[in-house]
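Asker: Given the structure of chain H, go ahead and fit chain F onto it with the hints provided.
The listed protein sequences derive, respectively, from chains H and F. Counting from 1, position 138 in the first sequence corresponds to residue 138 in my numbering; the numbering is continuous, with no gaps. Counting from 1, position 315 in the second sequence corresponds to residue 315 in my numbering; the numbering is continuous, with no gaps.
None of these hints come from the bench; they were simulated from the model. Accuracy of the hints is not assured; some may be wrong.
No copy is singled out in the list; a pair is fine if it fits within one copy or between any two copies.
To be verified - Distance condition first, Cα-Cα at most 20 angstroms in a straight line; then the derived SDA-like pairs of lysine to any residue:
#: 1; residue 1: Lys154; residue 2: Gly299
#: 2; residue 1: Lys46; residue 2: Ala155
#: 3; residue 1: Lys197; residue 2: Asp320
#: 4; residue 1: Lys154; residue 2: Ala300
#: 5; residue 1: Lys46; residue 2: Arg314
#: 6; residue 1: Lys154; residue 2: Leu295
#: 7; residue 1: Lys154; residue 2: Arg304
#: 8; residue 1: Lys154; residue 2: Ala303
#: 9; residue 1: Lys154; residue 2: Gln301
#: 10; residue 1: Lys46; residue 2: Lys197
#: 11; residue 1: Lys154; residue 2: Gly302
#: 12; residue 1: Lys154; residue 2: Thr296
#: 13; residue 1: Lys154; residue 2: Glu308
#: 14; residue 1: Lys154; residue 2: Ala297
Every value quoted in this text rests on a predicted model; they were computed, and no experiment measured them.
2 protein chains.
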Amino acid sequence: MTPPEPISCDALLARVETIFRRAGLRPESARSVAAVIVAGERDNCKSHGLYRLEGCLKVIAAGRVAPGAVPAIHDGGRAVIEVDAGGGFANPAFDAARDLLAARARETGLAALVIRDCLHFSALWHDVEALAGQGLAALSMCPSYAFVAPAGGKAPLLGTNPLAFGWPRPGPHPYVFDFATSVAARGEIELHRRAGKPIPEGWAVDGDGQPTTDPQTALAGAMLTFGGHKGSAISTMIELLAGAMLGEFMSREALEFMGGGDLLPRHGALVLALDPQVFAARSGRDPIAEGERLLTAFGAQGARLPSERRFAARDRALRDGIALSADELARLERFEAEGLAAVSA
Amino acid sequence: MTPPEPISCDALLARVETIFRRAGLRPESARSVAAVIVAGERDNCKSHGLYRLEGCLKVIAAGRVAPGAVPAIHDGGRAVIEVDAGGGFANPAFDAARDLLAARARETGLAALVIRDCLHFSALWHDVEALAGQGLAALSMCPSYAFVAPAGGKAPLLGTNPLAFGWPRPGPHPYVFDFATSVAARGEIELHRRAGKPIPEGWAVDGDGQPTTDPQTALAGAMLTFGGHKGSAISTMIELLAGAMLGEFMSREALEFMGGGDLLPRHGALVLALDPQVFAARSGRDPIAEGERLLTAFGAQGARLPSERRFAARDRALRDGIALSADELARLERFEAEGLAAVSA
Numbered sequence: 001m002t003p004p005e006p007i008s009c010d011a012l013l014a015r016v017e018t019i020f021r022r023a024g025l026r027p028e029s030a031r032s033v034a035a036v037i038v039a040g041e042r043d044n045c046k047s048h049g050l051y052r053l054e055g056c057l058k059v060i061a062a063g064r065v066a067p068g069a070v071p072a073i074h075d076g077g078r079a080v081i082e083v084d085a086g087g088g089f090a091n092p093a094f095d096a097a098r099d100l101l102a103a104r105a106r107e108t109g110l111a112a113l114v115i116r117d118c119l120h121f122s123a124l125w126h127d128v129e130a131l132a133g134q135g136l137a138a139l140s141m142c143p144s145y146a147f148v149a150p151a152g153g154k155a156p157l158l159g160t161n162p163l164a165f166g167w168p169r170p171g172p173h174p175y176v177f178d179f180a181t182s183v184a185a186r187g188e189i190e191l192h193r194r195a196g197k198p199i200p201e202g203w204a205v206d207g208d209g210q211p212t213t214d215p216q217t218a219l220a221g222a223m224l225t226f227g228g229h230k231g232s233a234i235s236t237m238i239e240l241l242a243g244a245m246l247g248e249f250m251s252r253e254a255l256e257f258m259g260g261g262d263l264l265p266r267h268g269a270l271v272l273a274l275d276p277q278v279f280a281a282r283s284g285r286d287p288i289a290e291g292e293r294l295l296t297a298f299g300a301q302g303a304r305l306p307s308e309r310r311f312a313a314r315d316r317a318l319r320d321g322i323a324l325s326a327d328e329l330a331r332l333e334r335f336e337a338e339g340l341a342a343v344s345a
Numbered sequence: 001m002t003p004p005e006p007i008s009c010d011a012l013l014a015r016v017e018t019i020f021r022r023a024g025l026r027p028e029s030a031r032s033v034a035a036v037i038v039a040g041e042r043d044n045c046k047s048h049g050l051y052r053l054e055g056c057l058k059v060i061a062a063g064r065v066a067p068g069a070v071p072a073i074h075d076g077g078r079a080v081i082e083v084d085a086g087g088g089f090a091n092p093a094f095d096a097a098r099d100l101l102a103a104r105a106r107e108t109g110l111a112a113l114v115i116r117d118c119l120h121f122s123a124l125w126h127d128v129e130a131l132a133g134q135g136l137a138a139l140s141m142c143p144s145y146a147f148v149a150p151a152g153g154k155a156p157l158l159g160t161n162p163l164a165f166g167w168p169r170p171g172p173h174p175y176v177f178d179f180a181t182s183v184a185a186r187g188e189i190e191l192h193r194r195a196g197k198p199i200p201e202g203w204a205v206d207g208d209g210q211p212t213t214d215p216q217t218a219l220a221g222a223m224l225t226f227g228g229h230k231g232s233a234i235s236t237m238i239e240l241l242a243g244a245m246l247g248e249f250m251s252r253e254a255l256e257f258m259g260g261g262d263l264l265p266r267h268g269a270l271v272l273a274l275d276p277q278v279f280a281a282r283s284g285r286d287p288i289a290e291g292e293r294l295l296t297a298f299g300a301q302g303a304r305l306p307s308e309r310r311f312a313a314r315d316r317a318l319r320d321g322i323a324l325s326a327d328e329l330a331r332l333e334r335f336e337a338e339g340l341a342a343v344s345a
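Looking at chain H on its own, in the form it has when it is part of the complex (with noise of 0.2 angstroms):
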């Protein structure tokens, strides 16, 4: 069988916004949705990607996502912006939020932004890559579903908690890093499941604490960190500075509150935003240039800076289009033609 046609990023862009908005989503909200997603297709960061439509028209057709929700955002106009997602999904908060958050950094040397109430399925590096786009340093993390043991423990307390940093280059990338604080995410692991195969040892540990390879074992069981302790103390800043600090969902609270982690969670978000101009302004230095000096050093010693694979596939997609399987290209006609009802029990 010949593999389909290349499609253009422009035009799975169109059609993605198309199947959200004809799921009830506001175009404005469509538009984020579905841009996130098809980044995350584009970037050949295939967890993030088209995969992720059908957990999002889930939660829709379950009615646990607030489709028509506007995001509203509250400022005291200190360095703490709010945005209030209403319980929809957090992009169209992001979005909405983000040019004020960038304003302030700049006015204020840094801001944070608090996303409340939202539906968080997307990578995190869309948001820091856009601030960094901006000429900021930029922060985020979130809680997710208490599905990982803290180091010593056994027994799910902490999310995937991912981690993401973006910080401002010449050119088109930035530097940005973006990983989830357990080994691995937990979208690998319903991929290796899917793919029925086992997960490298090391990720998970059963209900008793036990190493195990199967993935669904795992997924009941407890995921790990990474790097031990360290990884551990990590995702319970995530926990503590994105949950309990925000006044919103730690990630054990979001799986009570969604009784199971078959929809996606409701928590909140921290996005931290600083301007390096602001930092170094007394110092007389480009800080832009001065982080130069240490990334191109990388590359001299043969080290790949994260995110580098991502923008070649990115380069690629933009300039031949993103080369989607049979499967699922017949997956994404099947949401177009059938909807929400493609999802529906």
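Answerer: Below, chain F alone, put in the same frame as chain H:
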């Protein structure tokens, strides 16, 4: 031989303070530097305890720290406060700006302290604990000397780049972690070298990028980050945020400036303070009580919190005094008797 009698924390503080005053530090600076060293010893955090006395005296004797430096605060009234350490130790500069940082964080929600041009040797937990004691969440980070290779690389480019985080808790001890983003602290490798013990595999590579367990070879080669590419990414973030962004030395420049790693490094540091009460206000929840729901659940499943051992040692030391070995006591007495002459060539 009977071990020496334990010495009280206050008595040890007075003795160490006197050593620094005699070595030329201003009284306020002597107190700040002595306090962090005695706190390390008190907490049985040996690599940041009295062991550091020699390094501090050496850099004074070498004329590479400004003992009389007066920290100068520059406050633009925004969310970023700067303090110029003036080539002095970092601790007096932090202590001079700490209350202003805390007040600003309460006012704006979050604030940053930039410490410029300081010599840094101390554990960062000292700083974040002080802020947590004032009800604030705090993050602290700094570059160090370029002794660590990035993931996939082979030559030193990153520092051991510590990261510390503090979160306020009811009771005497906050939630605190503080770790080097290298697998191990360089001080630990140095202690292995002194003890003639091999280091564990995975801590370091030799100059050709091959694994080594010889501490001397490790010190001459490159250390590795914790957590593979994720730890390497966090270490890189610290270089960018606490080096490039501030317009202060990154780890490689710090090493070049000092002409090697024998003396303490000179660079900047970044401290972020966040007020959970500001962030949580609109939620109607108590962020500290929320944090407790997570942190108390750790113990229920047998997981230890970071710093628990340190706090237990502290409680013992405050009750029973600090039990120095005969060797440690003799070294202290020598510094008291000889001052800088004890460390001069």
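Asker: Under the constraints set out in the numbered hints, which ones does this structure not fulfil?
Answerer: Hints 2, 3 contradicted; others consistent.
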